Amino acid sequence: MKTKSTAASCRYDYAKSPPIDQVGIVERAARFTTRSIKSDCKRAGLDMVLNMIDLTTLEGADTPNKVRQLCYKAEHLHDSIPGLPTTAAVCVFPNFVSVARVALGDSSSVKIASVATSFPNGHAILEQKLEETRRAVGDGADEIDMVISRGRFLSGEYDYVFDEIAAVKEACGKARLKVILETGELATLDNVRRASDIAIHAGADFIKTSTGKIASAATIPVTLVMLLAIRDHFFKTGRMVGMKPAGGISTSKLALHYLVMVKETVGPEWLTNEWFRFGASSLANDLLMQVAKLERGLYQAPQYFSKD
Amino acid sequence: MDRLEILKTYKIFIGGKFPRTESGRYYTPEGKGGKPLGNICQSSRKDFRNSVVAAHSALGGWATRAAFNRSQILYRIGEMLEGRRAQFEAELIQQGVTASAAKSEVEAAIDLCVYYAGWCDKFQQVFSAVNPVSSSYFNFSVYEPVGVVAAIAPEKSSLAGLLGTILPIIAGGNSAVVLASESRPLCSVTLAEVLATSDLPGGVVNILTGNREELLPFMVSHMNVNSFVASDLKPAEKQLAREESISNLKRIVLLKDDPAKTESPYSILSTQEVKTTWHPIESSIAGGGKY
Chain A
168 MKTKSTAASC RYDYAKSPPI DQVGIVERAA RFTTRSIKSD CKRAGLDMVL NMIDLTTLEG
228 ADTPNKVRQL CYKAEHLHDS IPGLPTTAAV CVFPNFVSVA RVALGDSSSV KIASVATSFP
288 NGHAILEQKL EETRRAVGDG ADEIDMVISR GRFLSGEYDY VFDEIAAVKE ACGKARLKVI
348 LETGELATLD NVRRASDIAI HAGADFIKTS TGKIASAATI PVTLVMLLAI RDHFFKTGRM
408 VGMKPAGGIS TSKLALHYLV MVKETVGPEW LTNEWFRFGA SSLANDLLMQ VAKLERGLYQ
468 APQYFSKD
Chain B
12 MDRLEILKTY KIFIGGKFPR TESGRYYTPE GKGGKPLGNI CQSSRKDFRN SVVAAHSALG
72 GWATRAAFNR SQILYRIGEM LEGRRAQFEA ELIQQGVTAS AAKSEVEAAI DLCVYYAGWC
132 DKFQQVFSAV NPVSSSYFNF SVYEPVGVVA AIAPEKSSLA GLLGTILPII AGGNSAVVLA
192 SESRPLCSVT LAEVLATSDL PGGVVNILTG NREELLPFMV SHMNVNSFVA SDLKPAEKQL
252 AREESISNLK RIVLLKDDPA KTESPYSILS TQEVKTTWHP IESSIAGGGK Y
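Protein sequence lines correspond, in order, to chains A and B. Each residue of the first sequence is one higher than the one before, starting from 168 at the first, in the working numbering. Each residue of the second sequence is one higher than the one before, starting from 12 at the first, in the working numbering.
Next comes chain A alone, as it looks inside the complex (with noise of 0.2 Å):
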């Protein structure tokens, strides 16, 4: 198959991605972390981000059993506390959708997100990614989480970044479709945006920041880059995107620092598990030990709240 070519007047134009004011960003940023947030406020952002985690399980040593258990927390949190939301997905590897279907049936509010087209590195023929998005939509994935070529975006090749994700995003069907920039490797914010920008352009129902699997993931600037170019689309065209940081949020309360900067960069329209998710593994089992906390007075320790 032949990479179907979009004219190139569907494609986006690069040049209208606007340069980014590095230290701008970073000092905007370090604001968003100076919020002070009280007892209520935080006790309901806590369910909130808890709602929006998508549990995230990518390892080589992942076994049918650990996807299941995965499963079993992403609906029960935390039992002894009545009242607490489920996750918003869990998110596997494309042989393991089957297993997660099954475990959580065609009922569950979890979703069931898959990484595709060759996670993480990127680097197969279109042909497979396409065959890999779509065998894993066909097991029962509601999201696809795809990584862009950052070799081709590096080297200019936009238009092949660009055509892809409309493929992946054709094959995904129903699905909907989380770009992976992995923007640790795109070295500058002005490649954010742009990736950014295109992966919108091409369809992504949500972009998102990293895979989570080298050093550098998500961070604060990188994750109001990528709100801004959402929200310059949404002004033009109304289409919401979603955001998705992933990769290195660890704390509650970096966790209600993004939520903070969502609400005042896109608005409060966003704070829902439709349009923003947190990619975490060890986020929840904070959160759930700030609720306790809040809920029973004690400072909390790691070894009451299950690992999986």
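Some clues are possibly wrong.
[As the list claims (entries may be wrong)] Below, computed lysine to aspartate or glutamate pairings styled on EDC-like, alpha-carbon distance capped at 20 Å:
1) A:Lys-420 / B:Glu-33
2) B:Lys-57 / A:Asp-246
3) A:Lys-460 / B:Glu-255
4) A:Lys-474 / A:Asp-246
5) A:Lys-460 / B:Glu-118
[As the list claims (entries may be wrong)] From chain B, some residues computed to sit far from chain A (all C-beta separations above 10 Å):
6) Arg-31
7) Gln-53
8) Arg-60
9) Val-63
10) Tyr-86
11) Phe-138
12) Thr-208
13) Met-234
14) Glu-274
Hint data in this document are derived by calculation from the structure and do not stem from the laboratory. On a predicted model such as this, the values are computed, not experimentally measured, just so you know. Positions of the beta carbon are idealized from the N, C-alpha and C atoms, including for glycine.
Since chain A is already given, all that's left is putting chain B on it; use the hints.
Leaving out everything else, chain B in the frame of chain A:
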């Protein structure tokens, strides 16, 4: 014109760093003749919480470190103290003790370091045991550190009491979060400067200053603290410690002797857990073996 004196702001010691209290509060205790001693951080429960996190991340490396190396580091603390005798003595005098008492307190503190340095790699073989059991098992009991220990240093003794509280805890491989004397806090902060420069990994000892009544409930109720040590609590505070600690059954150690004056290996044992192992063996005698 008289020179305007600078009143030193003393900071707390968490994870090997010297932050100010996150609460931004401070108090100014008075020393001899009503002279202010300095601006001292009035730590909050969040500072305590952060210290426990630091103590936990340091625990793994410290508990598994060779006992001999722990011994070397404790001895090094003594060496560093020796080098700063004059400063400690001056602070003690400032806090209201006589020159001779100050001198002997600093000497006692240095001696405590040497004493517990010696025990680091010896208490295990002295107190561990091979237990006689009536079946063919090799049965032995060894000591392990309980984990993170929260402690309150004696109010009356600024330096020796604080060290006498800390040393037995860390000699046995635990990490510690210690609340220093509220009215005589100067030496605690200077001691932190000593600890920071004596090869002690950051987070093994964390020193807070502030109000005992305010912090005690959080020190004894924290689920991630494994033991609590104090020596001069009031009866009501002792009861609070016992009651509030049941959530995670932490071990409450209420010392009867003044830690400033106690040199005893049993002080180390009070924050140790005994692990007994049953190891099956072939009894050479019962089996009529040849060896």
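*Against the structure, test the hints numbered earlier, and report the numbers of the ones violated in rising order.*
When the structure is compared with the hints, numbers 2, 5, 8, 9 and 13 turn out to be violated.
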